[in-house]
Amino acid sequence: QTQRIIQCRSVLQTEQGPAEFGIDALRDEERAHDFLTLHQLSMRLLGCSNPDEVVRVSLELLRDRVRASVVGFLWSSDDGQLKPKLVIPEDAFGKVQLSNELTNLVTREGKAIWIDNQQLEEKTRTAQHYADAICVPLFHEGRTLGAMHVYLEKGRFRQTDFDMSIPLANIMTVALVRSRREYVLQV
121 QTQRIIQCRS
131 VLQTEQGPAE
141 FGIDALRDEE
151 RAHDFLTLHQ
161 LSMRLLGCSN
171 PDEVVRVSLE
181 LLRDRVRASV
191 VGFLWSSDDG
201 QLKPKLVIPE
211 DAFGKVQLSN
221 ELTNLVTREG
231 KAIWIDNQQL
241 EEKTRTAQHY
251 ADAICVPLFH
261 EGRTLGAMHV
271 YLEKGRFRQT
281 DFDMSIPLAN
291 IMTVALVRSR
301 REYVLQV
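The sequence shown begins at 121 in the working numbering and counts up by one.
Bear in mind the hints are in silico, worked out from the structure with no lab data behind them. None of the values given here were measured: they were computed from a predicted structure. Quick reminder that beta carbons are idealized off the backbone N, C-alpha and C, glycines included. Treat the hints with caution; some may be incorrect.
Stated by the list, open to error - Here are the simulated distance ranges between beta carbons:
(1) Asp184 <-> Ile125: 32 to 38 Å
(2) Arg301 <-> Lys274: 38 to 44 Å
(3) Gly167 <-> Ile126: 32 to 38 Å
(4) Asp198 <-> Arg298: 15 to 21 Å
Construct the complete structure from the given sequences, taking the supplied hints into account.
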(Lines of atoms letter the chains of each structure in order from A and count residues from 1; the text may use other names and numbers.)
(Lines give C-alpha, C1' and ligand atoms only; values in the text may rest on other atoms or scores of the structure.)
Protein backbone atom coordinates (compact mmCIF):
# COMPACT_ATOMS: atom_id res chain seq x y z
CA GLN A 1 0.00 0.00 0.00
CA THR A 2 1.22 3.47 -0.81
CA GLN A 3 0.59 6.40 1.43
CA ARG A 4 -0.23 9.81 0.09
CA ILE A 5 -0.31 13.02 2.09
CA ILE A 6 -3.58 14.75 1.32
CA GLN A 7 -2.84 17.85 3.37
CA CYS A 8 -0.31 19.16 5.84
CA ARG A 9 -0.95 22.28 7.94
CA SER A 10 0.71 23.99 10.88
CA VAL A 11 -1.10 23.65 14.18
CA LEU A 12 0.50 26.78 15.58
CA GLN A 13 -2.06 29.54 15.33
CA THR A 14 0.51 32.24 14.60
CA GLU A 15 1.55 30.44 11.39
CA GLN A 16 -1.92 29.92 9.98
CA GLY A 17 -3.30 31.99 7.17
CA PRO A 18 -6.74 33.59 7.30
CA ALA A 19 -8.92 32.52 10.20
CA GLU A 20 -10.58 29.22 9.30
CA PHE A 21 -13.58 30.01 11.43
CA GLY A 22 -13.87 33.74 10.73
CA ILE A 23 -17.02 35.62 9.78
CA ASP A 24 -16.98 34.19 6.24
CA ALA A 25 -17.06 30.68 7.65
CA LEU A 26 -20.31 31.44 9.45
CA ARG A 27 -22.03 31.86 6.08
CA ASP A 28 -21.49 28.16 5.38
CA GLU A 29 -23.97 26.08 7.39
CA GLU A 30 -21.62 23.17 8.12
CA ARG A 31 -18.73 25.41 9.17
CA ALA A 32 -21.09 27.50 11.30
CA HIS A 33 -22.18 24.28 13.02
CA ASP A 34 -18.51 23.35 13.56
CA PHE A 35 -17.87 26.77 15.08
CA LEU A 36 -20.79 26.30 17.48
CA THR A 37 -19.57 22.78 18.31
CA LEU A 38 -16.06 24.09 19.11
CA HIS A 39 -17.58 26.83 21.27
CA GLN A 40 -19.65 24.28 23.18
CA LEU A 41 -16.59 22.05 23.61
CA SER A 42 -14.65 25.02 25.00
CA MET A 43 -17.39 25.76 27.50
CA ARG A 44 -17.61 22.11 28.55
CA LEU A 45 -13.84 21.78 28.97
CA LEU A 46 -13.76 24.87 31.20
CA GLY A 47 -15.55 22.72 33.78
CA CYS A 48 -13.16 19.77 33.48
CA SER A 49 -10.48 19.59 36.15
CA ASN A 50 -9.39 16.05 35.29
CA PRO A 51 -7.00 15.69 32.32
CA ASP A 52 -8.44 12.24 31.49
CA GLU A 53 -11.91 13.76 31.19
CA VAL A 54 -10.56 16.50 28.88
CA VAL A 55 -9.11 13.85 26.57
CA ARG A 56 -12.21 11.63 26.63
CA VAL A 57 -14.68 14.46 25.99
CA SER A 58 -12.56 15.86 23.14
CA LEU A 59 -11.97 12.50 21.45
CA GLU A 60 -15.60 11.42 21.72
CA LEU A 61 -16.76 14.67 20.15
CA LEU A 62 -14.22 14.38 17.33
CA ARG A 63 -15.07 10.73 16.66
CA ASP A 64 -18.77 11.56 16.38
CA ARG A 65 -18.21 14.69 14.28
CA VAL A 66 -15.92 13.11 11.65
CA ARG A 67 -17.51 9.63 11.80
CA ALA A 68 -14.12 8.06 12.58
CA SER A 69 -13.68 4.35 13.14
CA VAL A 70 -11.04 4.88 15.83
CA VAL A 71 -9.61 7.90 17.63
CA GLY A 72 -6.68 7.82 19.99
CA PHE A 73 -4.44 10.03 22.05
CA LEU A 74 -0.77 9.65 22.90
CA TRP A 75 0.31 11.54 26.02
CA SER A 76 3.80 12.81 26.78
CA SER A 77 5.12 10.94 29.81
CA ASP A 78 7.51 12.40 32.38
CA ASP A 79 10.46 11.06 30.37
CA GLY A 80 9.23 12.84 27.21
CA GLN A 81 8.06 9.70 25.40
CA LEU A 82 4.63 9.64 23.77
CA LYS A 83 2.60 6.75 25.14
CA PRO A 84 -0.96 5.66 24.30
CA LYS A 85 -3.37 7.19 26.79
CA LEU A 86 -6.80 6.49 25.33
CA VAL A 87 -8.31 4.77 22.31
CA ILE A 88 -12.02 5.04 21.44
CA PRO A 89 -13.80 2.72 21.06
CA GLU A 90 -12.14 1.16 24.07
CA ASP A 91 -12.38 -2.36 22.65
CA ALA A 92 -10.01 -1.22 19.88
CA PHE A 93 -7.20 -0.51 22.38
CA GLY A 94 -5.65 -3.97 22.09
CA LYS A 95 -6.42 -4.31 18.38
CA VAL A 96 -5.03 -0.99 17.15
CA GLN A 97 -1.55 0.38 17.40
CA LEU A 98 -1.34 4.12 16.97
CA SER A 99 1.28 4.70 14.30
CA ASN A 100 4.63 5.73 15.80
CA GLU A 101 5.86 6.73 12.35
CA LEU A 102 2.93 9.10 11.87
CA THR A 103 3.31 10.50 15.40
CA ASN A 104 7.03 11.15 14.91
CA LEU A 105 6.37 12.86 11.60
CA VAL A 106 3.79 15.31 12.96
CA THR A 107 5.68 16.11 16.16
CA ARG A 108 8.94 16.64 14.26
CA GLU A 109 7.27 18.86 11.62
CA GLY A 110 4.84 20.54 14.01
CA LYS A 111 2.05 20.05 11.51
CA ALA A 112 -1.21 18.18 11.33
CA ILE A 113 -1.23 15.61 8.54
CA TRP A 114 -4.02 13.91 6.63
CA ILE A 115 -2.96 10.72 4.85
CA ASP A 116 -4.95 8.34 2.72
CA ASN A 117 -4.27 4.61 2.40
CA GLN A 118 -2.78 4.57 5.90
CA GLN A 119 -1.33 1.12 6.56
CA LEU A 120 -0.58 0.43 10.19
CA GLU A 121 2.92 -0.76 11.00
CA GLU A 122 3.86 -4.41 10.58
CA LYS A 123 4.04 -4.83 14.37
CA THR A 124 0.29 -5.20 14.64
CA ARG A 125 -0.93 -8.77 14.87
CA THR A 126 -3.94 -8.27 12.68
CA ALA A 127 -3.45 -6.74 9.26
CA GLN A 128 -5.75 -3.79 9.79
CA HIS A 129 -6.06 -1.22 7.09
CA TYR A 130 -7.39 2.27 7.44
CA ALA A 131 -8.42 4.19 4.37
CA ASP A 132 -7.61 7.60 5.89
CA ALA A 133 -5.72 8.91 8.90
CA ILE A 134 -5.41 12.32 10.48
CA CYS A 135 -2.78 13.03 13.09
CA VAL A 136 -2.55 16.32 14.99
CA PRO A 137 0.24 17.14 17.45
CA LEU A 138 -0.52 19.07 20.63
CA PHE A 139 2.10 21.68 21.51
CA HIS A 140 2.39 24.10 24.41
CA GLU A 141 5.27 26.53 24.90
CA GLY A 142 7.42 24.66 22.40
CA ARG A 143 6.89 21.28 24.06
CA THR A 144 4.95 18.30 22.70
CA LEU A 145 2.09 17.38 25.04
CA GLY A 146 0.73 14.61 22.87
CA ALA A 147 -0.73 13.63 19.53
CA MET A 148 -4.27 12.91 18.45
CA HIS A 149 -4.90 10.12 15.89
CA VAL A 150 -8.08 9.75 13.86
CA TYR A 151 -8.64 6.71 11.62
CA LEU A 152 -11.35 5.95 9.08
CA GLU A 153 -11.71 2.30 8.11
CA LYS A 154 -13.58 2.88 4.85
CA GLY A 155 -14.18 5.90 2.69
CA ARG A 156 -12.49 9.26 2.94
CA PHE A 157 -12.42 12.07 5.42
CA ARG A 158 -13.74 15.37 4.11
CA GLN A 159 -11.81 18.63 4.08
CA THR A 160 -14.06 19.91 6.87
CA ASP A 161 -13.05 16.90 9.01
CA PHE A 162 -9.39 17.88 8.75
CA ASP A 163 -10.25 21.55 9.26
CA MET A 164 -12.20 20.70 12.43
CA SER A 165 -9.45 18.48 13.89
CA ILE A 166 -6.87 21.25 14.20
CA PRO A 167 -8.82 23.82 16.26
CA LEU A 168 -10.28 20.98 18.34
CA ALA A 169 -6.73 19.84 19.15
CA ASN A 170 -5.75 23.43 20.01
CA ILE A 171 -8.72 23.77 22.37
CA MET A 172 -7.86 20.38 23.88
CA THR A 173 -4.27 21.57 24.41
CA VAL A 174 -5.33 24.64 26.37
CA ALA A 175 -7.79 22.58 28.44
CA LEU A 176 -5.16 19.91 29.15
CA VAL A 177 -2.60 22.45 30.33
CA ARG A 178 -5.17 24.10 32.61
CA SER A 179 -6.57 20.82 33.96
CA ARG A 180 -3.10 19.38 34.62
CA ARG A 181 -2.19 22.47 36.65
CA GLU A 182 -5.46 22.32 38.53
CA TYR A 183 -5.06 18.57 39.14
CA VAL A 184 -1.53 19.07 40.54
CA LEU A 185 -2.80 21.77 42.89
CA GLN A 186 -5.50 19.42 44.21
CA VAL A 187 -3.06 16.59 44.97
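Taking the hints in turn, this is what the structure says about them:
no., hint, verdict
1, Asp184 <-> Ile125: 32 to 38 Å, "26 Å, violated"
2, Arg301 <-> Lys274: 38 to 44 Å, "40 Å, holds"
3, Gly167 <-> Ile126: 32 to 38 Å, "35 Å, holds"
4, Asp198 <-> Arg298: 15 to 21 Å, "19 Å, holds"
When the structure is compared with the earlier hints, a violation turns up for hint 1 alone.
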